[in-house]
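The lines below spell out each chain.
2 protein chains.
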Amino acid sequence: MKFEVTILGSSSATPIFNRNPTSQALNINERLYLIDCGEGTQQQMLRFDIKASRIDYIFISHLHGDHYLGLVGLLSSLHLNGRTKPLHIFCPAPLKEIIDLQFKYSETTIQYPLEYTFIDPTQPTKLVDNQDIIIESIPLDHRIPCTGFLFRQKKRLRKLIKDKIETIDIPVEYYSRLKKGEDFTDSNGKLYKNDELTLDSERPKAYAYCSDTLFNEAYFNQISGVDLLYHEATFLHNMVDRAVETHHTTALQAAEVAARVKARKLVIGHFSARYKALTELLDEARSIFSETELAIEGKTFVI
Amino acid sequence: MKFEVTILGSSSATPIFNRNPTSQALNINERLYLIDCGEGTQQQMLRFDIKASRIDYIFISHLHGDHYLGLVGLLSSLHLNGRTKPLHIFCPAPLKEIIDLQFKYSETTIQYPLEYTFIDPTQPTKLVDNQDIIIESIPLDHRIPCTGFLFRQKKRLRKLIKDKIETIDIPVEYYSRLKKGEDFTDSNGKLYKNDELTLDSERPKAYAYCSDTLFNEAYFNQISGVDLLYHEATFLHNMVDRAVETHHTTALQAAEVAARVKARKLVIGHFSARYKALTELLDEARSIFSETELAIEGKTFVI
Chain A
10 MKFEVTILGS
20 SSATPIFNRN
30 PTSQALNINE
40 RLYLIDCGEG
50 TQQQMLRFDI
60 KASRIDYIFI
70 SHLHGDHYLG
80 LVGLLSSLHL
90 NGRTKPLHIF
100 CPAPLKEIID
110 LQFKYSETTI
120 QYPLEYTFID
130 PTQPTKLVDN
140 QDIIIESIPL
150 DHRIPCTGFL
160 FRQKKRLRKL
170 IKDKIETIDI
180 PVEYYSRLKK
190 GEDFTDSNGK
200 LYKNDELTLD
210 SERPKAYAYC
220 SDTLFNEAYF
230 NQISGVDLLY
240 HEATFLHNMV
250 DRAVETHHTT
260 ALQAAEVAAR
270 VKARKLVIGH
280 FSARYKALTE
290 LLDEARSIFS
300 ETELAIEGKT
310 FVI
Chain B
10 MKFEVTILGS
20 SSATPIFNRN
30 PTSQALNINE
40 RLYLIDCGEG
50 TQQQMLRFDI
60 KASRIDYIFI
70 SHLHGDHYLG
80 LVGLLSSLHL
90 NGRTKPLHIF
100 CPAPLKEIID
110 LQFKYSETTI
120 QYPLEYTFID
130 PTQPTKLVDN
140 QDIIIESIPL
150 DHRIPCTGFL
160 FRQKKRLRKL
170 IKDKIETIDI
180 PVEYYSRLKK
190 GEDFTDSNGK
200 LYKNDELTLD
210 SERPKAYAYC
220 SDTLFNEAYF
230 NQISGVDLLY
240 HEATFLHNMV
250 DRAVETHHTT
260 ALQAAEVAAR
270 VKARKLVIGH
280 FSARYKALTE
290 LLDEARSIFS
300 ETELAIEGKT
310 FVI
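Heads up: the protein sequence lines correspond to chains A and B, in order. Converting from the first sequence to my numbering requires adding 9 to each position, the first position being numbered 1. Converting from the second sequence to my numbering requires adding 9 to each position, the first position being numbered 1.
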């Protein structure tokens, strides 16, 4: 099952040339989920061939402009392009007021159902639970209410060992029970243990998105053991005072989070515009968590 | 005196790859004026080396998102980059409400004076009158209140003919009177006619920005004889019904406007996303107004 994230924007509040404000597109079993939607996200989707029409869920972490200013334009384009299927937005409650006001003055009546779920930023909450994935909010510690998002794949059914199955007379109707782990006894009373007939499905993977936040142990437990951790790393650690003041994280701290929660891999992003090159940020994080990569526009990470 | 316009965005509501929503930067005697500010305008300024910090005036034609969704991000970046000098925004009144609401929820207090002038969309109004330029609003005919903008250079002072002046004993204090057109009589009573001593300054130029609008004679008189006319041309004329329905103009109609108002040059823009190539739009306009160019991102037109 496909489970991958494409970086659409990696800059913090002030954009720099070729670094866009935050946005990420997740492809989970060919369904698209958008996390944050900074200005220019539409153009980034065009650039990296992410079909906006295929997005059904949008998650907005908080109401700093670099995380949502591309949303009204995107919603409007989907409308103009004839969307009819519902779009679900998970966001801080005031975002609806902002969107409604802008549509009021542009005299726009969106022609598809826009469904909102307002996130309680104070506690982890299950937002989505479908056949593929469970998505929870992660309360973060920023200057204004802010949540990250945790995507946990569901355990899938076991896989039939086709070559083996074909040698036994098993009714097709029984296959779904095999996939769920049941044994099979044939008409002669011969027992086949389930693990002779099926293979375990892949280990369910998890992805945690943590931006923007102060380094704070409060969210560590929830993201324990994730396969991929995206964590903001706005500054180098020599600016840790500034990071604390603005409720951001340094590259070193992001790596410490990854190490502490035993993530398999770390991607850092949300870089301050002061860093034209990102090597120092990467080196700093790798000094304590070697499996670190940079969030670069257009890069796709398989989870 | 420099008087030129750089195209930052040329697309209509739905962006396409490499065509950004509407924005233009005017350089008038090394002062920058921004017209409209579609999403991504900041990135476009970075791309084309337009220094946002040098902008003192922003003009917003109307409240369709493709003309202003980049503004809050721009205002925020100027704030984060330490701007202290005032910024003047000329816009429809509700824009302030939209901006204030977004800054309220991002808990942003802009550290420079943000001065608003709300435009009356029903009649031409003088918005700016400084040493270089007079700027007026142009009432247009769109689905929601919308104005264009007319930039008329002021007539400059006459230029001293240095070689001639140096042969005569003229007090330096008298130079400013010569520049204004006065004659000079020397101590022997000899009269020098002004045109012996000075040259006329360049003819003042004018630029009209007309987007978005239905083809409508009401604004023709105001923009009569402009040196450069930017006019929206959302559709080819085979879609004139759609143009009328959505209160837009076809390429043919834009050219007709240019011909009727005796513009010296026409630039068409605000292209529908349906036109991947723009040749047909250009050819159609040139069929009746040969001095037509396309608004292409990054292109600068000297007025």
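Among the hints, erroneous ones may be present.
[What the hints assert, rightly or not] In the DSBU-like style, the derived pairs of lysine-lysine whose C-alpha atoms are separated by at most 30 angstroms in a straight line are: (1) A:K214 <-> A:K285; (2) A:K113 <-> B:K171; (3) B:K113 <-> B:K168; (4) B:K163 <-> B:K11; (5) A:K135 <-> A:K202; (6) B:K308 <-> B:K214; (7) A:K60 <-> B:K105; (8) A:K164 <-> A:K94; (9) B:K202 <-> B:K60; (10) B:K113 <-> A:K135; (11) A:K105 <-> B:K214; (12) B:K163 <-> B:K308; (13) A:K105 <-> B:K285; (14) B:K135 <-> B:K285; (15) B:K308 <-> A:K285; (16) A:K113 <-> B:K113; (17) A:K94 <-> A:K105; (18) A:K94 <-> B:K285; (19) A:K199 <-> A:K171; (20) A:K285 <-> B:K60; (21) A:K173 <-> A:K135; (22) B:K285 <-> B:K308; (23) B:K105 <-> A:K113; (24) B:K285 <-> A:K308; (25) A:K214 <-> A:K113; (26) B:K94 <-> A:K285.
[Unchecked claim] Pair ranges (Cβ atoms, derived): (27) A:Q132 <-> B:E289: 50 to 60 angstroms; (28) A:D250 <-> B:T134: 43 to 53 angstroms; (29) B:K113 <-> A:D209: 46 to 56 angstroms; (30) A:K105 <-> B:M248: 32 to 42 angstroms; (31) B:D58 <-> A:N38: 51 to 61 angstroms; (32) A:D138 <-> B:D58: 26 to 36 angstroms; (33) A:T134 <-> B:V311: 49 to 59 angstroms; (34) B:T126 <-> A:N90: 33 to 43 angstroms; (35) B:M248 <-> A:D172: 42 to 52 angstroms; (36) B:D150 <-> A:N90: 19 to 29 angstroms; (37) A:V311 <-> B:R295: 48 to 58 angstroms; (38) B:I153 <-> A:D250: 20 to 30 angstroms.
Hint data in this document are derived by calculation from the structure and do not stem from the laboratory. No residue lacks a Cβ here, since even glycine has one placed at the ideal position from N, Cα and C.
Quick rundown of the hints versus the structure:
A C-alpha spacing of about 33 angstroms is found between A:K214 and A:K285, which places the hinted pair above 30 angstroms, so the restraint is violated. With a CA separation close to 60 angstroms, the supplied pair A:K113 and B:K171 exceeds the 30 angstroms bound. About 52 angstroms separates the Cα atoms of B:K113 and B:K168, which puts this hinted pair outside 30 angstroms; it is violated. A C-alpha spacing of about 13 angstroms is found between B:K163 and B:K11, which places the hinted pair at or below 30 angstroms, so the restraint holds.
Taking the CA atoms of A:K135 and A:K202, the gap is about 36 angstroms. The hint is violated against a cut of 30 angstroms. For the suggested pair B:K308 and B:K214, the alpha carbons sit about 19 angstroms apart, so the restraint of at most 30 angstroms is met. Distance hint between A:K60 and B:K105 is unfulfilled; the C-alpha atoms sit about 33 angstroms from each other, more than 30 angstroms. Only pairs whose Cα atoms come within 30 angstroms are accepted, and A:K164 paired with A:K94 is accepted, the gap being roughly 28 angstroms.
Using a Cα cut-off of 30 angstroms, the hinted pair B:K202 and B:K60 is violated, with the two alpha carbons roughly 44 angstroms apart. Among the hinted pairs, B:K113 with A:K135 is consistent with the structure: their alpha-carbon atoms are about 28 angstroms apart, no more than 30 angstroms. With a CA separation close to 46 angstroms, the supplied pair A:K105 and B:K214 exceeds the 30 angstroms bound. This hinted pair checks out: B:K163 and B:K308 have alpha carbons roughly 25 angstroms apart, not beyond 30 angstroms.
Proposed proximity of A:K105 and B:K285 is contradicted: the alpha carbons are some 34 angstroms apart, above 30 angstroms. As the CA atoms of B:K135 and B:K285 are separated by approximately 38 angstroms, the hinted pair breaks the 30 angstroms bound. Of the supplied pair hints, the one linking B:K308 and A:K285 holds, its CA atoms being roughly 26 angstroms apart against a limit of 30 angstroms. Straight-line distance between C-alpha atoms of A:K113 and B:K113 comes to about 19 angstroms, which keeps the hinted pair within the 30 angstroms bound.
For the hint pairing A:K94 with A:K105, the CA-to-CA distance comes to about 19 angstroms; that is within 30 angstroms, so the pair holds. Only pairs whose Cα atoms come within 30 angstroms are accepted, and A:K94 paired with B:K285 is accepted, the gap being roughly 26 angstroms. The suggested pairing of A:K199 with A:K171 holds, with an alpha-carbon distance near 19 angstroms, which does not exceed 30 angstroms. Pair hint A:K285 plus B:K60 holds up; C-alpha atoms about 17 angstroms apart against a cutoff of 30 angstroms.
The suggested pairing of A:K173 with A:K135 is violated, with an alpha-carbon distance near 40 angstroms, which exceeds 30 angstroms. A distance of roughly 18 angstroms separates the Cα atoms of B:K285 and B:K308; the hinted pair therefore holds under the 30 angstroms criterion. Restraint check: the Cα-Cα separation between B:K105 and A:K113 comes to about 14 angstroms, which is no more than 30 angstroms; the hinted pair holds. Between the alpha carbons of B:K285 and A:K308 the distance comes to roughly 26 angstroms, so the proposed pair stays at or under 30 angstroms and holds.
About 42 angstroms separates the Cα atoms of A:K214 and A:K113, which puts this hinted pair outside 30 angstroms; it is violated. Restraint check for B:K94 and A:K285: satisfied, since their Cα atoms lie roughly 27 angstroms apart, inside the 30 angstroms limit. As the Cβ distance of A:Q132 to B:E289 is approximately 57 angstroms, the hint placing it in 50 to 60 angstroms holds. At about 49 angstroms, the CB distance of A:D250 to B:T134 agrees with the hint of 43 to 53 angstroms.
The given range of 46 to 56 angstroms is respected by B:K113 and A:D209, whose C-beta atoms sit roughly 52 angstroms from each other. For A:K105 and B:M248, the Cβ-Cβ distance of about 35 angstroms falls inside the hinted range of 32 to 42 angstroms, so the restraint holds. The hinted range of 51 to 61 angstroms is not satisfied by B:D58 and A:N38, whose Cβ atoms lie roughly 44 angstroms apart. Separation of A:D138 from B:D58 is about 49 angstroms and departs from the stated range, judged on CB atoms against 26 to 36 angstroms.
Our hint of 49 to 59 angstroms for A:T134 and B:V311 holds, since their Cβ atoms are close to 57 angstroms apart. Take B:T126 and A:N90: their Cβ atoms lie about 35 angstroms apart, and the range 33 to 43 angstroms holds. With their beta carbons about 60 angstroms apart, B:M248 and A:D172 fall outside the hinted range of 42 to 52 angstroms. Taking 19 to 29 angstroms as the suggested C-beta distance range, the pair B:D150 and A:N90 conforms, at roughly 26 angstroms.
Checked against the hint of 48 to 58 angstroms, the C-beta distance between A:V311 and B:R295 comes to roughly 50 angstroms, which is consistent with it. Evaluation of the 20 to 30 angstroms hint for B:I153 and A:D250 yields a failure: the beta carbon distance comes to about 47 angstroms.
When held up to the earlier numbered hints, the structure conflicts with 1, 2, 3, 5, 7, 9, 11, 13, 14, 21, 25, 31, 32, 35, 38 and fits the remainder.
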